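There are 2 protein chains.
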Amino acid sequence: MILVSVDDHVIEPPDMFERHLPKKWADAAPRVVTQGTANQWIYRGKPAGLVGLNAVVGWPPLEWNSEPSGFAEMRPGAYDIHSRVRDMDRNGVLASMCFPTFAGFSGGHLIQFRDETTTAVIQAYNDWHIDEWCATYPGRFIPLAIAPIYDPPAAAAEIRRVAAKGARGIAMPEMPHLDSLPSYHDEDYWKPIWTAMAETGLVMVLHIGMGLRSLTMAPGAPRDHTMILACQITALAAQDLLWGPAYRNYPDLRFSYAEGGIGWVPFYLDRCDRHYTNQKWLRRDFGGRLPSQVFLEQSLACFVTDPHAVNARHEVGMDIIAWECDYPHSDSIWPDAPEWLEKEFTAAGCTDEEIDKITWQNACRFYRWDPFTELPKERAAVGALRALAADVDTTIRPRSAWAELYRQRHPHGGLPGLVGQA
Amino acid sequence: MILVSVDDHVIEPPDMFERHLPKKWADAAPRVVTQGTANQWIYRGKPAGLVGLNAVVGWPPLEWNSEPSGFAEMRPGAYDIHSRVRDMDRNGVLASMCFPTFAGFSGGHLIQFRDETTTAVIQAYNDWHIDEWCATYPGRFIPLAIAPIYDPPAAAAEIRRVAAKGARGIAMPEMPHLDSLPSYHDEDYWKPIWTAMAETGLVMVLHIGMGLRSLTMAPGAPRDHTMILACQITALAAQDLLWGPAYRNYPDLRFSYAEGGIGWVPFYLDRCDRHYTNQKWLRRDFGGRLPSQVFLEQSLACFVTDPHAVNARHEVGMDIIAWECDYPHSDSIWPDAPEWLEKEFTAAGCTDEEIDKITWQNACRFYRWDPFTELPKERAAVGALRALAADVDTTIRPRSAWAELYRQRHPHGGLPGLVGQA
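Those protein sequences? They're chains A and B, same order as listed. The opening position of the first sequence corresponds to residue 1 in the UniProt record's numbering, with each subsequent residue numbered one higher. The opening position of the second sequence corresponds to residue 1 in the UniProt record's numbering, with each subsequent residue numbered one higher.
Hint data in this document are derived by calculation from the structure and do not stem from the laboratory. Where hints are given, some of them may not hold.
Okay, derived cross-link-like pairs now, DSSO-like style, lysine-lysine, Cα gap no bigger than 27 Å in a straight line [what the hints assert, rightly or not]:
hint	chain 1	residue 1	chain 2	residue 2
1	A	Lys191	A	Lys23
2	A	Lys343	B	Lys280
3	A	Lys23	A	Lys46
4	B	Lys343	A	Lys280
5	A	Lys343	A	Lys357
6	B	Lys377	B	Lys357
Keep in mind that this is a model prediction, so the values were computed, not measured.
Could you put together the complete structure from these sequences and hints?
Below is the structure:
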């Protein structure tokens with residue numbers, strides 16, 4: 001088995017901007033402050049996203065929460081590239097696409113400020129992500145960039161710039177109108193961005209969670225609602241794109257739905273096709289095809305673990321299913337992904353060919369990424385990677401014990417520093 | 001094949017309150033006014049729901065819309081019980097559960113006014129529905145009532161009253177907080193209602209559409225959104241019930257999701273189970289069972305046509321799937337339901353046993369309804385019913401042609417009158 005994960009998360013290290021933001025903007029660089037045991041990113045005087053948002057890998061489940069945490073309490077694989085690759089080896093994962101954390105899954109926390117400074121910060125973010133995080137271990141990370149989407153020409157320029165540097169996707173909001181940007185129905189606004197992505201082959205990548213605010217939750221709803229319903233929003237986000245101009249007017253533009261699961265696809269597409277063929281009075285045009293055909297040709301969907309949907313994989317579409325690990329979040333199945341998947345694939349009676357499609361081929365085709373440029377296939381498989389990492393410590397420890405280990409590594413205190421100083 | 005449909009709609013005839021609302025309240029009775037070719041219900045000076053909401057059966061698809069229409073333009077089966085039963089025969093449908101139209105699927109248009117008068121109107125509505133609409137053809141309609149849910153003790157009394165008269169379900173809102181009632185997380189409020197339903201065995205029936213306002217639609221979204229996304233709301237409504245007190249504190253209370261489709265079930269339940277088993281820090285209690293087990297024991301879901309979901313029926317759960325016709329709405333497959341279903345069941349390789357479960361057994365068990373009390377099984381099947389109705393005219397006609405036919409039947413004009421005067 002070969003595993004390529006199309007959705008993981010990097011907890012950005014505190015020094016990430018030091019080597020990438022031109023001096024001119026240095027004063028505006030986002031920076032990390034310490035508040036008790038927690039750390040917090042600050043951008044231009046305002047808190048940006050949580051440092052450790054859900055980075056619970058290595059903690060006992062009863063200690064999980066969504067409160068602020070600190071670098072010292074985290075498993076170093078969350079923020080340190082060398083530890084991360086070792087953790088990937090231990091989990092048999094060849095390659096990973098990593099979403100931002102403090103910046104927001106699609107940069108939403110940075111674009112509170114919509115000006116040249118933020119554009120420079122976003123460029124620095126992308127340079128760090130591509131040239132440092134991803135480039136330290138060639139072949140192990142599929143670069144994912146963000147863009148200054150409040151300024152479409154600048155965003156288009158940034159898309160072309162990062163495409164030339166090897167990026168394979170742009171993380172975009174599920175529903176930009178929730179952040180007082182034009183909705184995806186406003187083609188005039190999004191045209192430069194979609195054109196740049198279609199021409200460079202970069203995928204428009206949507207991560208769950210960002211669209212939750214489109215739902216009015218019931219008073220008294222428990223917090224489980226946000227976690228369970230986040231996946232249901234994926235279909236709502238897809239609806240704006242499939243029934244708006246994005247899919248149909250940009251046939252070379254492709255869309256990846258991260259962490260949304262795959263089980264929503266057949267249900268949603270059946271409804272789309274029935275609506276399209278039945279409600280003829282609305283006179284919609286999908287170019288002589290069905291909405292499902294258009295969707296299936298331009299989309300990728302992924303899951304962490306989802307036994308019913310794997311059983312129903314042929315209803316979903318064998319060519320659009322990818323797998324994701326979601327490291328270091330609570331939904332992740334690190335370090336036992338191969339065992340989880342093996343069990344699901346066996347129960348569902350998947351063939352080897354189907355397993356290859358799901359675990360790496362679909363993702364690699366979609367992101368135009370050759371997984372074997374650095375590691376030949378025989379060294380890229382689960383068994384070979386795990387053999388390199390037999391010594392990786394997978395102990396589950398309370399947060400306080402992680403912090404104690406950190407103090408031993410950093411007897412003089414402080415935040416984790418440059419690459420290699422986890 | 002035997003067909004029991006758990007979701008159809010009655011377009012209430014204008015004279016419905018004449019024989020059922022006590023004189024004391026007669027002045028407050030909802031009444032129909034004529035505006036051009038359209039009719040409109042008025043309740044206490046305010047427009048109530050559209051008379052012909054989506055009652056497009058018999059119209060050419062290019063004439064469908066969601067504008068106001070008039071009784072004269074409709075196929076009489078929409079509002080006339082005798083024509084309705086003939087149309088059911090023609091479609092091979094043995095029995096039908098009919099939702100209100102002008103009153104709102106769960107009475108929402110009446111309960112704009114929350115007082116004793118509306119309680120009396122609701123009682124009259126239920127008496128008309130049970131004693132007149134359903135009772136005219138015994139064995140052909142599964143009675144569905146509404147309740148004055150703004151007054152829980154009065155609602156509980158009405159539930160017990162209609163249960164004694166044979167009702168099998170109460171139509172309730174998907175999300176009552178959208179109508180400024182307490183949400184389904186407020187057990188103190190809903191307790192008398194849920195207790196009455198659980199004790200009488202009446203099912204809590206939720207129809208799609210009512211929860212749409214929980215979504216903030218994107219600016220510029222086409223009207224397709226509301227029709228396609230209405231089904232996606234079903235899972236959101238289920239979430240309030242399954243993760244709130246309703247399912248878990250009332251094990252005898254049962255829930256039916258009308259027109260929501262069935263394909264959402266496995267995806268939603270996989271997510272629920274994974275969340276429950278993984279996010280242990282939230283310490284939720286499902287009584288030693290999985291959320292999916294609780295849901296599957298207390299739920300019914302239904303579909304009109306949904307080929308992918310029928311293929312994946314074992315992922316959905318063979319005991320919770322029912323079928324619906326949605327007559328006289330645009331989603332309906334009248335008069336060819338048997339042919340549509342036959343094709344879907346054959347393509348999916350369904351066994352006869354599975355077909356029986358889907359087309360009538362699950363629905364009848366769930367609603368505790370014996371379909372063969374009036375018609376023995378051999379006379380209840382599609383072929384036998386259709387043989388009675390070979391002469392039913394299924395011509396598709398423009399609205400204006402329907403209106404012309406109406407003028408021929410009613411040379412002196414006016415609204416359709418008492419039972420038997422379509």
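Between B:Lys377 and B:Lys357, is the straight-line Cα distance small enough, at 27 Å or below?
-> Holds - the C-alpha atoms of B:Lys357 and B:Lys377 are around 15 Å apart, at most 27 Å.
Restraint status (C-alpha distance of B:Lys343 to A:Lys280 at most 27 Å) | Holds - the C-alpha atoms of A:Lys280 and B:Lys343 are around 22 Å apart, at most 27 Å.
Within a Cα-Cα threshold of 27 Å, do A:Lys191 and A:Lys23 meet the stated pairing?
-> 32 Å, violated
For the pair we were handed, A:Lys343 and A:Lys357, check the Cα-Cα distance against 27 Å.
-> 17 Å, holds
Would the pair A:Lys343 and B:Lys280 pass a check requiring their Cα atoms to be no farther apart than 27 Å?
-> 22 Å, holds
Sort out whether A:Lys46 lies within 27 Å of A:Lys23, counting only the CA atoms.
-> At roughly 21 Å apart (the allowed maximum being 27 Å), A:Lys46 and A:Lys23 satisfy the hint.
Against the hints set out earlier in the document, a violation occurs for number 1 only.
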